[in-house]
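Visitor: Take a look at the letters that make up each chain.
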Amino acid sequence: MNKDALPRWIDIGLLPLINLLAALIVSGIIIAIIGENPFVAMGVMLKGAFVYKGALGYTLFYTTNFIFTGLAVAVAFHAMLFNIGGEGQAMIGGLGVGLVCIALDSLLPPFLVVVLAIAAAALFGAVWGVIPGWLQARRGSHIVITTIMFNFIAASVMVWLLAGMLMAPGQMSPETRSFAEGVGLPQIHDVLNAMGFSVAKSPLNFSFVVALLASFGVWVLIWRTRLGYVIRATGHSERAAIYAGHNPAYIIMIAMAISGGLAGLMSLNEILGVQERVILNFTSGYGFTGIAVALMGRNHPVGILFASLLFGALYQGGAELDFEFQTITREMVLMIQGLIILFSGALAYLFAPLVARIYFRLKVPSGGGDG
Amino acid sequence: MHKKTLSDTGGADTAPPAIYLKNIYKSFGAVQANKDIDLHVSAGTIHGIVGENGAGKSTLVSILYGFYTADRGKTEIFGAPVVLRSTADAIAAGIGMVHQHFMLVPNFSVLENIILGHEGSSSLQAGLEKATKELQNIADKYGLQVDLHALVQDLPVGLQQRVEILKALYRGARVLILDEPTGVLTPQETKQLFEILRSLRAQGVTILLITHKLKEIMAVTDNVSVMRGGEMVAHLETQKTSPEQLAELMVGRPVLLTVGYDSAEAGDICLQVEHLSMRDDSGKSCLQDISFSVRRGEIFGIAGVSGNGQSELLEVLAGISALDAGRVVIGTTEISADNPATPAEVKELGLAHIPEDRHAMGLILPFTAAETAMLGYEERGAVSGRSPFLSPDKITRHCAKLMTDFDIRPADPNLKSNLFSGGNQQKIVVAREISAHPDILLVGQPTRGVDIGAIEFIHKQLLALRDAGCAIILVSVELDEILNLSDRIMVMNAGQNMGILVREDADVQKIGLMMAGLENTGNIATSLASEKKGGKHE
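First to last, the protein sequences are chains A and B. First residue of the first sequence: 1, per this note's numbering; consecutive thereafter. First residue of the second sequence: 1001, per this note's numbering; consecutive thereafter.
Just so you know, the hints here were simulated from the structure itself, not pulled from any lab data. Check the hints yourself; a few may be wrong.
What the hints assert, rightly or not - Pairwise CB distance ranges (calculated):
no., chain 1, residue 1, chain 2, residue 2, range
1, B, L1419, A, G182, 56 to 64 Å
2, A, G140, B, A1325, 25 to 33 Å
3, A, S106, B, R1380, 49 to 57 Å
4, A, P186, B, F1389, 26 to 34 Å
5, A, R239, B, S1199, 51 to 59 Å
6, A, L334, B, L1419, 38 to 46 Å
7, B, A1264, A, L354, 53 to 61 Å
8, B, S1263, A, R239, 35 to 43 Å
9, B, A1344, A, G164, 47 to 55 Å
By construction, the Cβ of each residue, glycine as well, lies at the ideal position given by its N, Cα and C atoms.
Starting from the given sequences, assemble the full structure and let the hints guide the process.
Guide: What follows is the structure, given as structure tokens:
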């Protein structure tokens, strides 16, 4: 009953769908218990996520966040590193964006500032990822512990800076001044409207395109480059990697740098795409949800795209649910998200033995024996 | 087929058989591990079961010892039908087992180990006294002398095994199952074990010996059953069979047990080791002052009981571990503590390495065969494509070629490495390393867990490579393998070089003594005497 013996379409297609279904069934039962019709609620959620005016834009906006943080977790995971620090890496990435924009927006043309800001987002995130990587590789400090601690450090650094030297003059709230006019990412609805399509206003911006490019880049990196091969080899068997002539410490740091860089890019969506200034807590837990996204997407960019879309729809549709029903509160929506994370993340292989048994029963038993 | 039932040779035809199995079936999912197994082991005989890895021996033994329950079939022990649902059932039925890996607590005394789980009373002291008396009787009866108060961790492996046997007998075993008991023993210790088995037989104990070593079957058993593909393919009287016949039954086709060896002209020295010493991570010395040199076109065998520094030596030569003193010279390059080399650098010097542990090092199990077949060579454009990108086409073609050249089955480069059989996994590693055309090849346990057909193939490949002028350093715990292939043999004990023999001077007796760390038979006698002296303490 080897999991590997299951065909790929079951492992990466059917099982996640079954998990999702199980989560929805349990959520439905709970919604029924509090006296609402689960099917009506489901309909509202779907409409809220995809149908209402501008809904799809919002859904894809959230999706963008999850793509970045999901990819970040996935790249580290291929080196068998559990990067819990997406949250902190995204914050520090946002700090990088802010510093570049504030320092240069009066000196350089906006386009150049934006390009530099994108690079800064990746670079700052990478640095915040590579330090725990270095501690793991050289000092044996466990990456899970250090990345969690680095989230706290990042949060404190942001408070200290935004309430201190980066706080806009004459302001009371902990945030930077707004960037100069034009320093920001193009909005998708503006672009599409300019092209003649009529699209409702939404925060969806050019970051979404960057996220799609990053997904493709990660696929190329992991499956089509030497570095990706070595990252995977190190992840599966460190001894085999040493035997093959590689230095796991170096590979761990590289993988964490790439992972941190991807998490850092998440800040583009919020900081350059919407706020055009640095605010506190703009990461709102997207870094953590990225773990569930990567697990559900089986650490593959295509899977992560689908999982991100699902979570994006949940965020947006969930907000709609909260809005439409008196009894379904924000906490209720959080619970549904929690159930999906539970079933598709922590219990990812809950149904695998059952599915395997059914699959092998349906398949004509092929004799032979080695035991 | 050679199926036939035998009457026993060990006397008493009227007594019920010690073990009688009829139509035993066991499957795991779609895998039929045991199929229609019949077995008849006469009381008071030594009965061997041979078969390759995956033939179903372990499953059958696990059924007999109550680890698994058979799907169907009949089991009788001394004529009484039994259902063995747990090891407790098996012990109650009089079955004892000596596992391949000993189940002993190292920092407990022999006595404490033996009574573990059978303390006998709530007061430990009373239990210990009772057990001491009883064990003394058993030890006297079967000639199994061990110091009951010695700590298990201080005992040599051969004596630890004796403790396992005592433990089983203490629990009332009348049938003793030994699973690959000689894997960790020197030839002398193996001989002593066989003496013990014979004396147990003389006292009426029935012994079931599971092994893949045909020599041992021939040496000690009365009857032998052969398994292949989950089925019993033959029951034979040992005296009336031969290793060749057994091998053919195991594999299903005729095989060469020893590959024809031709001496070859050795060339220049290409690897030199001088006064090499190394300590492990805990600071314990594991290699001490080792010197030797290897020439082109020779196989340099390293013999020794597992765990006497051979693995460490291979890892030092491969650049995986750093040495502490002395030096290694490959060609004109010197490697020393001040001038260490990485595996990648050593590879550049023309060295290839078939590692001992193919699961942890040689292969990456979740990778496809094609990905595994480029491990360590992914930097070479010819194998993997133009830097920094990989060419899936090239990688697949490279693997497909290896699969054809080395007869790897199934010949599917996209199959995951862990879905190949042990023999084919090893062939992937061998193919990869040999196809790199090395000047020096390090080989660790090339045929561990490999089926006989693949062993023959791998041995032929190694000899062909030697004839092509490669220097091969071969580490194996299978002494026969070393003797069959090596031009010169170094014997290691406790991290030291016990001496180097040329092929003509090497024989099992001599090497066995060197493996035990002794130079002459006088020392063996003293070691036995000290064992006895230990026995007097109680």
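Visitor: Now tell me, hint by hint, if it's right for this structure.
Guide: Against the structure, the hints:
1. B/L1419 x A/G182: 56 to 64 Å: holds (57 Å)
2. A/G140 x B/A1325: 25 to 33 Å: Roughly 27 Å apart at Cβ, these two residues keep to the hinted range, so it holds.
3. A/S106 x B/R1380: 49 to 57 Å: Taking Cβ atoms as reference, A/S106 and B/R1380 lie about 52 Å apart, which means the hint holds.
4. A/P186 x B/F1389: 26 to 34 Å: The hint (26 to 34 Å, Cβ to Cβ) holds, given that A/P186 and B/F1389 are roughly 31 Å apart.
5. A/R239 x B/S1199: 51 to 59 Å: Roughly 44 Å apart at Cβ, these two residues miss the hinted range, so it is violated.
6. A/L334 x B/L1419: 38 to 46 Å: holds (42 Å)
7. B/A1264 x A/L354: 53 to 61 Å: The hint (53 to 61 Å, Cβ to Cβ) holds, given that B/A1264 and A/L354 are roughly 59 Å apart.
8. B/S1263 x A/R239: 35 to 43 Å: At roughly 37 Å between Cβ atoms, A/R239 and B/S1263 fall inside 35 to 43 Å, so the hint holds.
9. B/A1344 x A/G164: 47 to 55 Å: Holds, since B/A1344 and A/G164 (Cβ atoms, about 48 Å apart) stay within the stated range.
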